[in-house]
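Undergrad: Each chain is listed here by its residues.
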Amino acid sequence: MSAATQETAVRTGAVTRVFIYGLLIVFALFYLMPLFVMLANSLKPLSEITGGNMMALPQAWTIEPWQKAWSSAQIGVEPTGLRPYFLNSILMVVPAVAISTIFGALNGYVLTKWRFRGDSILFGLLLFSCFIPFQIVLIPMAMILGKLGLAGSVPGLVMVHVVYGIGFTTLYYRNYYAAFPTELVRAAMIDGAGFFRIFWRIMLPVSGPITVVSVIWQFTNIWNDFLFGVSFGGQSQPMTAALNNLVQSSTGVKEYNVHFAGAILAALPTLLVYIVAGRYFVRGLMAGSVKG
Amino acid sequence: MAHGVPAADFRTRLQDWIPKLVLSPSLAAMLVFVYGFIGFTVYLSFTDSKMLPSYDWVGLENYSKLWGLSHWWTAITNLGIFAALYIVLCTGIGLALAIFLDQKIRGEGLLRPVYLYPMALSFIVTGTAWKWILDPGIGLENTMHLWGWESFHFDWIKNRDFAIYTVVIAAVWQTSGFVMAMFLAGLRGIDNEILKAAQIDGASNWKLYRRIVIPMLRPAFLSSFVILSHLAVKSYDLIIALTGGGPGRATELPATFMYSYTFTRNSMGIGAASAVIMLMTIAAIMTPYLYAELKEKS
Numbered sequence: 544m545s546a547a548t549q550e551t552a553v554r555t556g557a558v559t560r561v562f563i564y565g566l567l568i569v570f571a572l573f574y575l576m577p578l579f580v581m582l583a584n585s586l587k588p589l590s591e592i593t594g595g596n597m598m599a600l601p602q603a604w605t606i607e608p609w610q611k612a613w614s615s616a617q618i619g620v621e622p623t624g625l626r627p628y629f630l631n632s633i634l635m636v637v638p639a640v641a642i643s644t645i646f647g648a649l650n651g652y653v654l655t656k657w658r659f660r661g662d663s664i665l666f667g668l669l670l671f672s673c674f675i676p677f678q679i680v681l682i683p684m685a686m687i688l689g690k691l692g693l694a695g696s697v698p699g700l701v702m703v704h705v706v707y708g709i710g711f712t713t714l715y716y717r718n719y720y721a722a723f724p725t726e727l728v729r730a731a732m733i734d735g736a737g738f739f740r741i742f743w744r745i746m747l748p749v750s751g752p753i754t755v756v757s758v759i760w761q762f763t764n765i766w767n768d769f770l771f772g773v774s775f776g777g778q779s780q781p782m783t784a785a786l787n788n789l790v791q792s793s794t795g796v797k798e799y800n801v802h803f804a805g806a807i808l809a810a811l812p813t814l815l816v817y818i819v820a821g822r823y824f825v826r827g828l829m830a831g832s833v834k835g
Numbered sequence: 266m267a268h269g270v271p272a273a274d275f276r277t278r279l280q281d282w283i284p285k286l287v288l289s290p291s292l293a294a295m296l297v298f299v300y301g302f303i304g305f306t307v308y309l310s311f312t313d314s315k316m317l318p319s320y321d322w323v324g325l326e327n328y329s330k331l332w333g334l335s336h337w338w339t340a341i342t343n344l345g346i347f348a349a350l351y352i353v354l355c356t357g358i359g360l361a362l363a364i365f366l367d368q369k370i371r372g373e374g375l376l377r378p379v380y381l382y383p384m385a386l387s388f389i390v391t392g393t394a395w396k397w398i399l400d401p402g403i404g405l406e407n408t409m410h411l412w413g414w415e416s417f418h419f420d421w422i423k424n425r426d427f428a429i430y431t432v433v434i435a436a437v438w439q440t441s442g443f444v445m446a447m448f449l450a451g452l453r454g455i456d457n458e459i460l461k462a463a464q465i466d467g468a469s470n471w472k473l474y475r476r477i478v479i480p481m482l483r484p485a486f487l488s489s490f491v492i493l494s495h496l497a498v499k500s501y502d503l504i505i506a507l508t509g510g511g512p513g514r515a516t517e518l519p520a521t522f523m524y525s526y527t528f529t530r531n532s533m534g535i536g537a538a539s540a541v542i543m544l545m546t547i548a549a550i551m552t553p554y555l556y557a558e559l560k561e562k563s
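Protein chains in written order, with our numbering: chain E, 544 to 835; chain X, 266 to 563.
In short, the hints are calculated from the structure, not lab data. Small disclaimer: the values here were computed from a predicted structure and weren't measured. Note that CB positions come from ideal geometry on N, CA and C, so glycine has one too. Some hints here could point you the wrong way.
Claimed, not checked - Chain X stretches covered by chain E per the calculated footprint, using a threshold of three residues with CB under 8 Å from any CB of chain E:
{"no.": "1", "segment": "286-295"}
{"no.": "2", "segment": "401-410"}
{"no.": "3", "segment": "437-451"}
{"no.": "4", "segment": "504-517"}
{"no.": "5", "segment": "550-557"}
Stated by the list, open to error - Partner residues aside, some chain E positions facing chain X, computed with beta carbon under 8 Å:
{"no.": "6", "residue": "N650"}
{"no.": "7", "residue": "I682"}
{"no.": "8", "residue": "I709"}
{"no.": "9", "residue": "N787"}
{"no.": "10", "residue": "A810"}
{"no.": "11", "residue": "T813"}
What the hints assert, rightly or not - So, partial list: chain E residues that the calculated Cβ filter (under 8 Å) puts toward chain X:
{"no.": "12", "residue": "L566"}
{"no.": "13", "residue": "M581"}
{"no.": "14", "residue": "L649"}
{"no.": "15", "residue": "S672"}
{"no.": "16", "residue": "F674"}
{"no.": "17", "residue": "M686"}
{"no.": "18", "residue": "T763"}
Chain E with its partners taken away, still in its complex shape:
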């Protein structure tokens, strides 16, 4: 690989440096290419796509595919566009993220600062639940949601995402709070501060970084979820299920430009969150879960 150099890890020969930069740029192009293709082709009229080059920029720019994807494309049987499903996703994701994060913070606080016999077994069970393949709960969940009258509704999806999100949020907060000095909590107890007071006054003010991680993680996972959405969404399908409907519809001409506009619409919220706060996410995640 770097035969030209012998001195240091950071001091490399010119040839090696060119090689490294070249490789890094090639990979950057690899990661960017699909986004470019989607964006460029979502702004072309369909005639330019079917006869043309996917890598070419539009000759006649148009935002019509975007309008169509948003408000008039055929999703399933209704020509509603993706708009109502986008709204479903928002209505689902906001409460689900908030509730699972609050529970995660409280659980993490209990599991690190109010420890009791057997708490690590409970945590182990909770942790394992993060990684189960959801196929194992699909059948009973469908039955329970039906019995509760929550099948095919946004509240049903919120419940599902809260239940299966708590494991991860608890994991994040537990690892984060474990590093917080327990002496401070003890001192506050001796001063007579109670459970919630300590949480509110001591733990919460330092919880910013891990809350960013938890919120981004939950937001991305729940927004991007497809399996639960398509299984239990019914009349209230989220954006991912609707996008899949749009793209897979077998009737009529395949409107690739509309598909791409729809795909970007589905990706936009998580991309925005990532652009705004991604840096904090990686930083916080690394502090919390991977010991370097």
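Fit chain X to the known structure of chain E by using the hints.
TA: Relative to the frame of chain E, chain X by itself:
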């Protein structure tokens, strides 16, 4: 003062209970929705459930039927190919990018988000994009022809023998940047003094990385292996969006198998049995890892 003491006692006792009360809704939810449901699905896998759950015990019949189905063997074989390539490629690319990015690269702040953004996308979006790029008629092959490379041929997504590899391409595109971030964090955590000492001893770059740096990245290797392998077993969305399991059944995975047997082919018992096998696969990977992780921390 005299009646202040019992009040304090009551308060202390209450304080003892509050943490457990706070934890209890989550634990109850976990016991019902995770472990209760697992138990129920395991039970169903021993019954003759068809379109609806039935409670007639049939023993291991569903499992013997399952392992007799060529459809299931296709799914299992595909999972083997997919998981192996996905894990190896993501780890290899992630590690290489992290090491190269760690060489005081100008523009690192620009490159890192470019490598990472795919992980913010839904697999449905990734599948939609790659389905098109890989389509020989309008995608990459067509582009190469238009650019003058007439003999360029790339129709894997339409080819039964190669379609599973297109799933690997799209999945690696989505996740390798995330693995890069894990390795980069590991690299940044290594003490520079160790590296300097090794350099003074005259170790070459290659040797330095192979003998010292990469072994020190063990925790990052382990975490990424666990994350990638459980993602591989759970892969469902990407298959649905990219190939729909086809051409034919060429890209079926256990997750798509389970869904179609349970909900569209009216063989809930067999579907449940396949879900149990998926769970056992993940448990075999996760349990030792979680055990070690918890033991170390407590």
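Undergrad: Does each hint fit the structure? Answer for all of them.
TA: Here's how the hints hold up against the structure:
1. 286-295: With 7 residues in contact (Cβ-Cβ under 8 Å with chain E), the coverage given for the segment 286-295 of chain X holds.
2. 401-410: Answer holds; 5 residues pass the 8 Å Cβ test.
3. 437-451: holds (count 6)
4. 504-517: holds (count 3)
5. 550-557: That given contact holds, which follows from 4 residues of the segment 550-557 of chain X lying within Cβ reach (below 8 Å) of chain E.
6. N650: Holds. Min distance 5 Å.
7. I682: 6 Å, holds
8. I709: 5 Å, holds
9. N787: 5 Å, holds
10. A810: Interface hint status for A810(E): holds (5 Å vs cutoff 8 Å).
11. T813: Since the shortest Cβ distance to chain X is 4 Å, the answer is holds.
12. L566: 6 Å, holds
13. M581: 5 Å, holds
14. L649: Interface hint status for L649(E): holds (5 Å vs cutoff 8 Å).
15. S672: With Cβ-Cβ at 4 Å, under 8 Å, it holds.
16. F674: Holds, because the Cβ-Cβ distance from F674(E) to chain X comes to roughly 5 Å (cut-off 8 Å).
17. M686: 7 Å, holds
18. T763: Cβ of T763(E) sits 6 Å from chain X, so the hint holds.
Every hint from the earlier list agrees with this structure, and none is contradicted.
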